[in-house]
Amino acid sequence: MVATERLDVGGIPLEVLRRGAGRPLLLLHGEAPIDPGAPVLDLLAADTRVIAPTHPGFGHSTRPDGFDTVYDLVHLYLDLLEQLPHERVTLMGLSFGGWLAAEIAAARSSRVERLILVDAVGIKVGDRETPDILDVFNTSPAEVRRRRWHEPAKWAPDPDALSNEALIAHARNRESLCLYAWHPYLYNPQLARWLGRITVPTLVLWGASDGIVTPAYGRAYCARIPGARFELIEAAGHHPEIEQPGALVERVRAFMPS
Amino acid sequence: MQAWYLNENPYPFVPPDVLEAAESVRGSLPNRYCDPKIAADLFQEALDEYLLCDDIGINVVSNEHHAGINCLLGASPLILGILARQTRNVRILSLGTLITVRTDPVRVAEEYATADVISRGRLEIGFVKSGGSEMASGNANPIGIVDRFWEAIDLILKTLAHRDGPFSWEGKYFTHRHVNIWPGPWQQPHPPLWAATGDPTTSAELGRRGIVNVMVFRTAEETTRAWTAYRKARAEAGLPEPGPDRFGHTAFVYTGDTDEEGVRVGSKLLWFLNTALRSAPQYGKLLPGAVPAALAPALYTTKPRPGVPAAARPAAGLIGITAEQAMAKGLMFAGNPDSVYRQICEYRERVGPFEHLVLASRSGFMTHAEATKGLKLFANEVLPRLREL
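Here the protein sequences line up with chains A and B, keeping their order. Residues 1 to 258 in this note's numbering are what the first sequence lists, from first letter to last. Residues 1 to 389 in this note's numbering are what the second sequence lists, from first letter to last.
Note that these hints are calculated values from the structure, not bench results. Possibly wrong hints are sitting among the right ones.
Said to hold, decoys possible - With a straight-line Cα cutoff of 30 angstroms, these simulated DSS-like cross-link-like pairs (lysine-lysine) come out:
(1) B/LYS158 with B/LYS37
(2) B/LYS37 with B/LYS373
(3) B/LYS303 with A/LYS154
(4) B/LYS268 with B/LYS172
(5) B/LYS232 with A/LYS154
(6) B/LYS37 with B/LYS268
To be verified - Pair ranges (Cβ atoms, derived):
(7) A/ARG197 with B/ALA40: 52 to 58 angstroms
(8) A/ARG197 with B/GLY317: 33 to 39 angstroms
(9) A/GLU5 with B/LYS232: 56 to 62 angstroms
(10) B/GLY243 with A/GLU5: 54 to 60 angstroms
(11) A/PRO141 with B/GLU260: 53 to 59 angstroms
(12) A/LYS154 with B/ASP147: 37 to 43 angstroms
(13) A/HIS183 with B/ARG85: 48 to 54 angstroms
(14) A/PRO184 with B/ASP48: 50 to 56 angstroms
Claimed, not checked - One-sided and incomplete, this derived list gives chain B residues near chain A with beta-carbon spacing under 7 angstroms:
(15) GLY138
(16) THR219
(17) TRP271
(18) THR275
(19) THR302
Heads up, the beta-carbon is just placed ideally off N, CA and C, and yes, glycines get one too.
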């Protein structure tokens, strides 16, 4: 079943991909919306009800005028959580979506039952002269590619093989991420202080070869969330959901209540 | 017609093997390759050229770029301050402070007002949208540039014109609760305004506002497209037709004793296009927002696709251009005085009358002596005839 719906969340149009049945899992994407054909989606959907929205402006989605900050995204998803028919959901965020998920969990939405962060960004860990997050806009594409993937030759998309439509979506993804997160670059200076408010069980998963945000950053992130557990996923870079979907979903399944 | 002299003060003395190996000659090239002693000489020469212009009736232009071999003028207002005091006669144009990377337009207005006062009303203010590596070196978001540009202009103009004590500005991009500059500008309500753009949408807005639209290294086709949009926007808004004083063209210009000398020495100016524009893709075509997302298929692919329009940023298509090509496109006017005059007239025939000709007449390895000679010949032999137009 592939179904992309268009929801209205407090007047904001939101594209949502749904897959599977069972315990609900709200999946917030990173630099690109979840590909409807991605193996991770079917693996998750085997025993969960996946709800995967597209952040406004990403992919081919629309973005309302003046909707241009992480503050807007966080409130949009707080609204969505209240609008969904589920009492409680597992909130899972990848990369940039991990930042959003951490913000939502720190806001203590009563609808969040569990939190899963995967190679998340969103906080400042290092000193003022040590960037935590690779600047994917100001760094050469070859270096970004090298640091993004465990096996770049296998997983980095070949632009020449992509459709025009996919390339336009890719450009819109970059524009949108840039709009939301150029400065401070991919983090909220205040968020680290409030991660201690997160009271739900939390799992932090990290690609062992991630060169965009390293496992050391992931451990520091995890250490600030009370009771959170950190697990590495071997043979994966910044996108375990693409390079190791099986291992990722196994960890998710083990973490979810039976 | 009036002439304006622009020397971007580039720094060409980086070893060729370093330039060859660098991912980009702007944005990321370490400044250890810029010897401050050589830079000091270049600044002194450029300022001497501006003082020569003051004597021979050519207005002067300062601009601004950051972190690259193409331009050492990192702060236009700093140069304006020197020119405001050291020149006595000519108009001084800032083209311009990069208002899309400056965090507080009120400070820009304050600097402009001060330069206008020191020069006793000889300042003209030019606005440029900027982009590319300037976004990295200026730490500025490349998304939203156009809206930020116009809000900065609105705030600068209100700051310059306001005479009645503090006012508050709480815009989308800029907030400043207590705006009250001393001194205000000499020219009330503000100095004449220019903007550099070849983008028809921006030109249309310039038309509605009556701002001088100057082209910088644009072909006749691009120029015509922009100026047509300018005129059309004015007509649609019920505004009077713009005079030639609303239009300007920037070209490489070199006047020699002979055609051979003019073209030979003038060709050195093309260093700017052929060497100083080479920018890493992340500062150029792949910078988010640099070109519309709809053109992405041409950006990311290595092979052309049928039915997909090209997506290069304007100047990128000029890299590798020859003197003959540059002259054919109206990007360069070079030769003996008669030839230079004729080429300018021919270009004017193609794009319509324009009042302002900005002379990019020193760049790359052209020497101070060569630049000085070319400027004098232009002022003595070409400019008097252009003034008649």
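*Whether the CB-CB distance between A/GLU5 and B/LYS232 falls inside 56 to 62 angstroms*: violated (43 angstroms)
_With the threshold set at 30 angstroms, check whether the alpha-carbon distance from B/LYS37 to B/LYS268 stays at or below it._
holds (23 angstroms)
*Does B/LYS373 lie within 30 angstroms of B/LYS37 when you go C-alpha to C-alpha?*
holds (25 angstroms)
*With chain A as the partner, please determine if B/THR302 meets the hint condition of a C-beta pair closer than 7 angstroms.*
Hint on B/THR302: holds, closest Cβ of chain A at ~6 angstroms, below 7 angstroms.
*asked:* Tell me if the beta carbons of A/HIS183 and B/ARG85 are separated by a distance inside 48 to 54 angstroms.
replied: violated (37 angstroms)
*Tell me if B/THR275 is really an interface residue toward chain A, meaning its C-beta lies closer than 7 angstroms to one of theirs.*
B/THR275 check fails; min Cβ-Cβ to chain A is 20 angstroms, beyond 7 angstroms.
*Compare the distance between the alpha carbons of B/LYS158 and B/LYS37 with 30 angstroms, and conclude whether the hinted pair is satisfied.*
This hinted pair is violated, its Cα atoms lying about 41 angstroms apart.
_Holds or violated: B/LYS303 to A/LYS154, with C-alpha atoms at most 30 angstroms apart_ = Since the Cα atoms of B/LYS303 and A/LYS154 sit roughly 21 angstroms apart, the hinted pair holds (cutoff 30 angstroms).
*Is 52 to 58 angstroms right for how far apart the beta carbons of A/ARG197 and B/ALA40 are?*
holds (56 angstroms)
*asked:* Need the status of pair B/LYS232, A/LYS154: alpha-carbon distance at most 30 angstroms?
replied: Answer violated: B/LYS232 to A/LYS154 is near 53 angstroms, above 30 angstroms.
*asked:* Is 50 to 56 angstroms respected by the C-beta to C-beta distance linking A/PRO184 and B/ASP48?
replied: violated (44 angstroms)
*Any CB of chain A closer than 7 angstroms to the CB of B/THR219?*
With a minimum Cβ separation of about 26 angstroms from chain A (threshold 7 angstroms), the hint on B/THR219 is violated.
Consistency note: the structure conflicts with the earlier hints numbered 1, 4, 5, 8, 9, 11, 13, 14, 15, 16, 17 and 18.
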